[in-house]
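Make a model of the complete structure from these sequences and hints.
One line per chain: the protein sequences are A and B, in this order. Counting from 0, one number per residue, gives the positions in the first sequence under numbering that gives the first Met the number 0. Counting from 0, one number per residue, gives the positions in the second sequence under numbering that gives the first Met the number 0.
Rather than coming from a laboratory, the hints here were simulated on the basis of the structure. Do not rely on the hints blindly, as some may be mistaken.
Because identical chains cannot be distinguished in the list, a pair is counted as satisfied if it fits within a single copy or across any two copies.
Unchecked claim - Straight-line Cα separation of at most 30 Å, DSS-like style, residue types lysine-lysine; simulated pairs: (1) K201 <-> K300; (2) K334 <-> K231; (3) K5 <-> K493; (4) K15 <-> K541; (5) K334 <-> K201; (6) K15 <-> K493; (7) K300 <-> K210.
2 protein chains.
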Amino acid sequence: MPATLKLSEYLFARLKQLGIDSIHGVPGDYNLNLLDFVEPAGLHWVGNANELNAGYAADGYARIKGIGALITTFGVGELSAINAIAGAYAERAAVVHIVGTPPRESQDSRLLIHHTFNDGEYRRFAQMHQHVTVAQANLRDPRTAPAQIDSVLQQCLLHSRPVYIEVPVDLVAAPVSAEQLKTKISIPNVEPNAYQESVISKVIDKIYEAKQPIILVDGETRALGIVDDVEKFVSHTKWPTWSSGFGKGLIDETLPNFHGIYRGNFDDPKTQRFFNDSDLVLCFGPHFSTTNSFASSSIPKTQTAILFTDTEIRINTQVFRDIPARYAVSRLSLKLDSSRIASYTTYPDLPRDQSDNFTSVSSDGPIKQDRLWRILSTILRPGDIVLGETGTAGYGCREMPLPRHTRLFTPVTWLSIGYMLGAAQGAALAQRELISSSNYHGITNARTILFIGDGSFQMTVQELGTIIHNNLDVVLFLINNDGYTIERCIHGLKAGYNDVAAWRYLQAPSFFGASEDTYTASVRTWGDLEKVLGSGELDRTKGLKMVEIFMDREDVPKGPLSYLLQLQTAGQ
Amino acid sequence: MPATLKLSEYLFARLKQLGIDSIHGVPGDYNLNLLDFVEPAGLHWVGNANELNAGYAADGYARIKGIGALITTFGVGELSAINAIAGAYAERAAVVHIVGTPPRESQDSRLLIHHTFNDGEYRRFAQMHQHVTVAQANLRDPRTAPAQIDSVLQQCLLHSRPVYIEVPVDLVAAPVSAEQLKTKISIPNVEPNAYQESVISKVIDKIYEAKQPIILVDGETRALGIVDDVEKFVSHTKWPTWSSGFGKGLIDETLPNFHGIYRGNFDDPKTQRFFNDSDLVLCFGPHFSTTNSFASSSIPKTQTAILFTDTEIRINTQVFRDIPARYAVSRLSLKLDSSRIASYTTYPDLPRDQSDNFTSVSSDGPIKQDRLWRILSTILRPGDIVLGETGTAGYGCREMPLPRHTRLFTPVTWLSIGYMLGAAQGAALAQRELISSSNYHGITNARTILFIGDGSFQMTVQELGTIIHNNLDVVLFLINNDGYTIERCIHGLKAGYNDVAAWRYLQAPSFFGASEDTYTASVRTWGDLEKVLGSGELDRTKGLKMVEIFMDREDVPKGPLSYLLQLQTAGQ
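Written as structure tokens, this is what we have:
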């Protein structure tokens with residue numbers, strides 16, 4: 000390694016070390032010099048159609064590979080992306096937002112350049128980003144830049160949340176010391192002490208006492224880096240286990256003791272009873288937003304819960320700080336005596352998500368939400384990534400039993416519609432990279448399958464062009480139910496403002512540049528759908544396929560949406 | 000008028016009073032109840048495909064009608080729009096950004112609802128908006144809400160810049176006093192005093208002394224509300240007059256003493272000499288960003304300049320505060336003795352922008368930037384609105400001589416690519432409303448003509464669906480030059496990151512739902528273009544027409560872009 004290298008080389012070498020192989024973003028005149036260094040660093044430049052979508056894509060990429068990055072330009076670019084950065088913050092995706100900024104001379108002389116407010120004030124956009132990122136670095140001095148970069152990247156890993164790095168044009172090629180590159184960036188270790196051990200012992204005592212223990216895997220489990228440990232724990236204890244919507248897809252759903260999403264008040268009465276009768280709920284990576292907890296009804300009772308969070312263990316009402324989940328779970332695995340934990344001699348009779356098939360539906364009948372998702376689940380293969388956009392798709396996907404190593408994106412808390420199309424682009428790219436580096440559970444081909452409603456699709460539609468341009472393996476199911484059905488359930492069932500412009504959706508692949516023989520299909524009946532699924536077209540892995548499913552605008556999956564819809568209908 | 004009305008009725012009645020007839024935006028679950036009141040208030044709900052585009056559209060609408068509005072939802076919606084709000088701030092468009100927020104109960108109890116960061120903190124988004132708006136109101140109390148609304152709307156008018164209003168769901172229908180509605184909102188008057196009169200006298204003295212006075216109309220002239228007065232002044236004095244790019248289209252370009260944009264170092268030597276030799280430059284609405292002033296070279300010399308700004312008059316190096324342009328210009332008109340001002344007995348020989356025609360080009364030759372814009376100017380009719388997106392189009396449009404009452408949007412300072420497509424939607428709607436209320440200079444039909452490059456078009460393409468859905472009269476010229484040509488001029492002439500995905504652009508109208516007989520044309524040669532322009536298709540006012548013009552990716556209009564391109568080519 001040379002003793003010095005250019006600042007941008009340093010930055011990109013660091014990203015590469017952390018497992019990033021592609022960078023999302025859009026060129027702009029304050030980042031062009033920076034982009035010169037992307038491909039030479041061995042990184043693929045994606046080139047998104049706009050910055051919001053680039054942010055969504057970097058987030059989707061990060062959720063599959065652990066970390067992602069995007070590059071935007073000062074002002075206009077970075078502000079266009081800021082909603083995506085906020086979403087990554089809310090749902091813990093480790094996204095590095097790099098902004099190419101004007102030369103320091105322009106900044107310091109308060110020159111009235113473009114992408115400013117013509118008032119000489121250059122710091123507004125960074126200030127805005129402080130609200131949506133866990134760390135920020137404004138690189139101003141080549142001597143300190145490497146340490147600044149390292150520090151924010153460590154924060155990014157530590158919190159699995161976005162960070163913000165400003166690179167002035169005139170520093171892109173500044174020489175910096177290569178010395179620090181020799182030390183890998185990693186999450187700082189816990190210094191073991193007696194206090195932590197005493198808390199772990201408390202947890203273990205609770206576990207030994209429990210007669211009817213259960214496990215709830217919530218979605219921050221991924222961000223906390225404990226997915227494998229938790230899966231082992233679930234597998235090992237054989238205790239009945241549920242996930243939240245956010246947690247679904249993280250651990251092996253084919254384990255016999257996995258029972259899908261715990262739906263709180265909306266769940267099967269038998270499940271609710273068992274969950275509520277449990278005397279111990281071990282909950283990993285809790286994320287108790289109302290939307291991720293069925294209006295708080297799936298949150299374990301405090302008096303029986305032990306929560307493992309980013310920095311704390313909560314045992315019932317007590318909070319023990321500075322015991323990160325990663326450390327706690329590893330200590331737990333080590334210290335737990337399996338012979339002393341509860342085992343279910345007769346495993347309880349608890350429902351599991353089931354696939355469905357076409358025998359139970361009439362072939363000329365319209366497609367209905369009540370069975371669609373369980374039928375669609377039959378097409379899933381190990382390694383597929385499934386995305387269900389906010390709306391009926393997001394709820395529907397929660398009913399799907401998933402093969403091993405299938406990852407699921409469902410609406411959690413941020414719920415920015417249009418997100419899933421950008422995220423699908425990023426996730427599909429991450430998936431391809433993992434496969435090509437033989438780092439994908441031995442799976443050699445897999446698809447990214449996106450279910451998205453018409454209203455959401457319109458938000459970010461141009462990213463289909465990026466999916467095509469990058470030749471990604473995406474199957475897109477467009478649910479055409481004539482507008483914002485999820486909003487109709489909330490308010491304005493028949494209101495004109497919940498309509499959207501009527502597009503000819505299946506023309507999308509052609510318009511966005513796909514080869515003319517790209518597979519598309521239009522589906523109105525169960526018979527149509529059976530034909531499409533039976534055609535084998537969706538199994539051919541390569542490139543884009545698109546299926547438009549027409550559904551009634553007042554049809555929704557059973558659960559929170561149907562509950563809301565009933566209230567709306569009653570109010571008519 | 001009833002003594003009380005609902006808060007949302009109050010808000011919308013105020014917008015209506017200010018001349019707003021349509022509201023842009025996207026539904027979301029914290030604004031649905033608010034949307035119930037839009038149409039009953041006599042306002043048209045546009046229903047955009049996404050919030051960034053809605054913001055651009057509201058900005059375009061505001062620049063034509065004086066003020067515009069959009070409604071978004073808490074968090075996700077408002078942040079998606081924030082780059083558009085920033086642009087409206089930078090270039091002074093009066094945009095009212097109304098955000099539907101969660102019920103006060105959720106906010107006050109820090110409930111972990113969706114569209115938050117799952118941390119109980121609800122104020123981040125409003126804090127971010129403080130950086131990009133001139134006034135903010137968080138409506139929390141029905142007793143004070145009317146005064147809060149009035150106060151921010153007055154600020155919006157006063158500064159011609161965006162404001163931000165939060166309406167919690169549970170206050171939408173709260174009864175408020177109607178009393179204040181009787182008093183119209185207006186910009187506060189100046190209290191005349193001797194100080195102002197003495198400054199006006201100084202200005203008048205300078206005018207009387209001047210031997211070679213000239214006028215520069217910059218773009219804040221619109222925001223300052225002095226367009227008519229300035230036009231009268233130009234017409235009356237007959238002094239040689241130029242505009243900036245920002246100012247072009249504001250005053251009658253057919254006046255014999257109007258000479259187009261003053262291009263500083265890039266202008267005809269004769270023009271530069273005359274401009275620089277002038278002993279007095281009256282400059283209205285100055286906006287001296289580097290991009291609006293040809294890298295500062297078109298800024299009048301301080302020692303000969305008098306600037307009329309939002310709150311000041313600057314006479315040479317002296318700054319006289321608290322004399323708003325509107326007041327100053329009206330006093331000037333009143334007090335100036337025309338018999339004592341310079342008149343050009345022999346009007347100087349100064350170039351003007353000229354149209355061009357097909358006689359000078361070869362019919363099978365490729366379309367070139369050097370003549371395209373002057374040829375395209377022949378299709379313009381009084382009342383048309385012309386938009387030239389950042390890129391070659393934005394520079395090209397500056398060469399076009401404009402008929403009376405033609406308004407032009409060119410890149411000024413914010414330069415957020417994709418803006419012009421959204422702005423075209425808003426401007427076309429504003430234009431239609433002005434025509435239908437017989438408030439458009441007696442013009443009964445006119446078009447909105449958008450010139451946009453492929454890269455910019457991709458950014459915001461879904462708004463074509465909104466243009467179609469709202470049946471707006473838009474002629475769209477897509478400049479297909481294979482990527483970001485403007486970026487190629489700046490850096491990375493041949494770099495892959497300046498490419499964009501290759502779309503089949505002319506399929507856009509069909510994809511986005513236009514009737515199948517929508518006029519589209521593809522143009523590669525001058526002969527092709529002549530045929531299209533001669534067909535009369537673009538003159539039929541109704542609906543969308545789209546023409547794709549293929550051009551070389553390294554061809555740019557003469558001026559700053561060709562200068563930059565030369566540097567790039569030399570650097571190869």
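Going through the hints against the structure:
1. K201 <-> K300: within (18 Å within a copy, 78 Å between copies)
2. K334 <-> K231: Answer is within: at 14 Å inside a copy they meet the 30 Å cutoff, but 88 Å across does not.
3. K5 <-> K493: between (59 Å within a copy, 22 Å between copies)
4. K15 <-> K541: Classified as within: same-chain Cα gap 26 Å, cross-chain 53 Å, threshold 30 Å.
5. K334 <-> K201: within (12 Å within a copy, 88 Å between copies)
6. K15 <-> K493: between (51 Å within a copy, 25 Å between copies)
7. K300 <-> K210: within (16 Å within a copy, 87 Å between copies)
Consistency note: the structure conflicts with none of the earlier hints.
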